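Engineer: Residue numbers (the numbering used here), protein chains in the order written: chain A, 34 to 232; chain B, 263 to 852.
Source of the hints: derived by calculation from the structure; they are not laboratory data. A quick note: this is a predicted structure, and the numbers were derived from the prediction, not measured. All residues carry an ideal CB built from backbone N, CA and C; glycine is no exception. Any given hint could turn out to be false.
Said to hold, decoys possible - Stretches of chain A that chain B covers, calculated by requiring three or more beta carbons in the stretch to come under 8 Å of a beta carbon on chain B:
id, segment
1, 38-47
2, 57-66
3, 77-91
4, 150-161
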Amino acid sequence: MSALIPYIDEPHPVTGVTNAKLGMWLFLASEVMLFGALFSTLIIMRTSATDWPAHGSDVLNVPLATLNTVFLITSSVTIVLSWAALKMKDLKKFKFNMGLTILLSFGFLVIKYIEYTSKFHHGHFPSTSTFYAVYFTLTGLHGLHVIGGIITNLYLIGPGSKMWEKEPERFTGRIECAGLYWHFVDLVWIFLFPALYLL
Amino acid sequence: MSHDSHNHSHGHDHSHGGHELPFWRKYIFSTDHKVIGLQYGITAVFFLLFGFSLMLLMRWQLAFPKQAIPLIGKLFTEDGVLSPELYNQFGAMHGTIMVFLGVVPLAVGAFGNYLVPLQVGAHDMAFPKLNMMSYWVYFVGGIVMLLSFMTPTGAAASGWTSYPPLSVVNGPGEGFWGGLFTGQSMWLLGMVFLITSSLLGSVNTIVTAIQLRVKGLSFMRWPVLVWAQVTTAFLLLLAFPPLEAAGIMQLMDRVGGTSFFMPSGLVVSGEAWKASGGGNPILWQHLFWFLAHPEVYVLILPAVGIVGEIIAVNTKKPLYGYKTLVYSMLFLGFMSFIVWAHHMFMTGMGVTMSTFFQATTMIISVPSVIILTTYLLTLWGASIRYTVPMLFATAFLPMFAIGGLTGLPLGLTASDIHLHDTYYVIGHFHYVVAPGTLFALMAGVYHWYPKISGRFMSDTLGKIHFWLSVIAINGVFMPMFFMGMAGVSRRLYDQTVYAHGLAAQPLNVIMSVSAWILAIAQLPFLYNMATSWKWGKKAESNNPWGATTLEWAASSPPPHENFTTPVEVYRAPYEYSSNKKLLPQFVQEA
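Taking the hints into account, I'd like the entire structure generated from these sequences.
Structural biologist: Below, the structure is given as structure tokens:
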């Protein structure tokens, strides 16, 4: 916005972060509370349920979910690499790594789509049982977060990257924030995967 | 902590502020925090009046059960009698609108947006576009809530707390879209918008207050209002998301046929409920109150901040125990996260849980009392200047005290059994929020009006407004305590069908008449607000009250980007010297 707002591209001497980064951390704190409430729901539903699968693997597809876990963890690495590339002033390498991140996240969604459709095909809907209600709501909300991340990353690799020419520091900061968010999405999945599929 | 370096990027010679923006950019889709603050304020006042009107209609039914509402009754039903269905809708929507669309947007959206950047010496919020978005998301949430009255079964009718299973089975629709276009589903959807809006707003407030402080403004030099707004923002940030999660789940229950909150074996109107069951209705109460208890402090803390500012200015004394006050607010904010289940003593959650939440509830009353005490001690020995804002601010103290102290019997499990879900609860809560928070917000309007418009509001009208309001509002809420202790439940459409309700019925007439007088008492306020903008007495200087905080360094009204000359802070707020010489934060010499 206006140049009259300080600490857009340099860290504040007291807090040690830029405005955007502080904002992102606060936003993630709020997200923790959102998913915290849903995970609490999972625990309460499970402990009080009359019919709950003994193991998630009895009803859910663990190999596919494992592949998805690999996809997400790899994408977390590539997004860090894309940020590191900007730190080394290499826009091309940034675009390569960011592109890879986006590709991997699309891969995640495709597999999620396969999982969902096979569930629907077998007549398993959110209304089938509280297990499926929790499964679809948690993974669905996580999926929405993935979609949000893809849209942001597409913007940053596309029209948003014009900022690199004029304000490279600020653009690098944006990628870092996008990375923070993406790590969070990844982390939620790291909790979801064992909680739903393995335990 | 106080080590701030001054590296504003001043001196960039770019054109800002001066050039004319088109009307829609300047006043509608504006990114200026002051315009957004006013947008929040005006919208919130509209919703406050709307929510208040709902209650004024319900008050007719309560005072004169099953009699046609004179003059306007025919607008709502054929015979002019407020039907039980409408009564329930109005009740649920009164609470929702007043809390989520009225008081919070006014206290946080309007006052926070307008004053926090000014008080920390910033040129705008840290994220101006996000700020604009926050307002418009709130606006959409409000529209969704209003549209819910247009659905075939009317608006949400399960109380502002929306407890399932009732809220899930109430007025269901056919299929997905039919289910979505019902009052309760629209309520949930509206809440998701409002929660998103407050999330954006609170991130913005915290970042602005922390990062954009001018040179010299260390944390312990923040005005109390900034402390109050930052604490509030943290509550909004962390307490609202669980309700968002709960809202999504209840929406799934309503339109997706899930059973998050629907127990097994539920029978509705003689038929088994068609869903898998296995859910837990109490879970909703936990998630709801995890938000809604901190929400009470979201309502009260900005008011505490506003009152602090006004008391300091009008006593010309430093606030007594400023640090104690700050730490109390922070402790209050923290504790508010672990008291929620005192709303649920009657759910049978067990003695251990009840004892824990009873203990935390008693603990949280300590910082509240400290806050009140610091204000009272500030008044002690001061030569108080009774301006209109000061009248409201001093009235806030006993009103908030009544509200707070009557909360203690509700926080104790033994006495709560008798008082739970009676009018006593309504009286307690409203004393905190109506003559408490709303009086403080009115005080704030009178106090900062000269800053916002450059003109004073009329003193005479203000005093009429104050005295009528303070008498009428006690007439509305004081009888509620007696009615509650007589055992009258809070959501009765017609209490005269019970013997104990019939005995207490005269109190209802007193309350209703007081409520209508209270409504009339707001007319001079609205008239005053509207006309003083153009015809009010001009404020002769930028700092007409002789205040010490940074917003009074800006001209009135502050220009786009607030400060035309660089400002700096040299001392703590409220340092009035002993010889009554004014020492604002922004003036250098001692």
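Engineer: Each of the hints needs a verdict: does it hold here or not?
Structural biologist: Cross-check of the supplied hints:
1. 38-47: n = 7 at 8 Å, threshold three: holds.
2. 57-66: holds (count 6)
3. 77-91: holds (count 6)
4. 150-161: holds (count 4)
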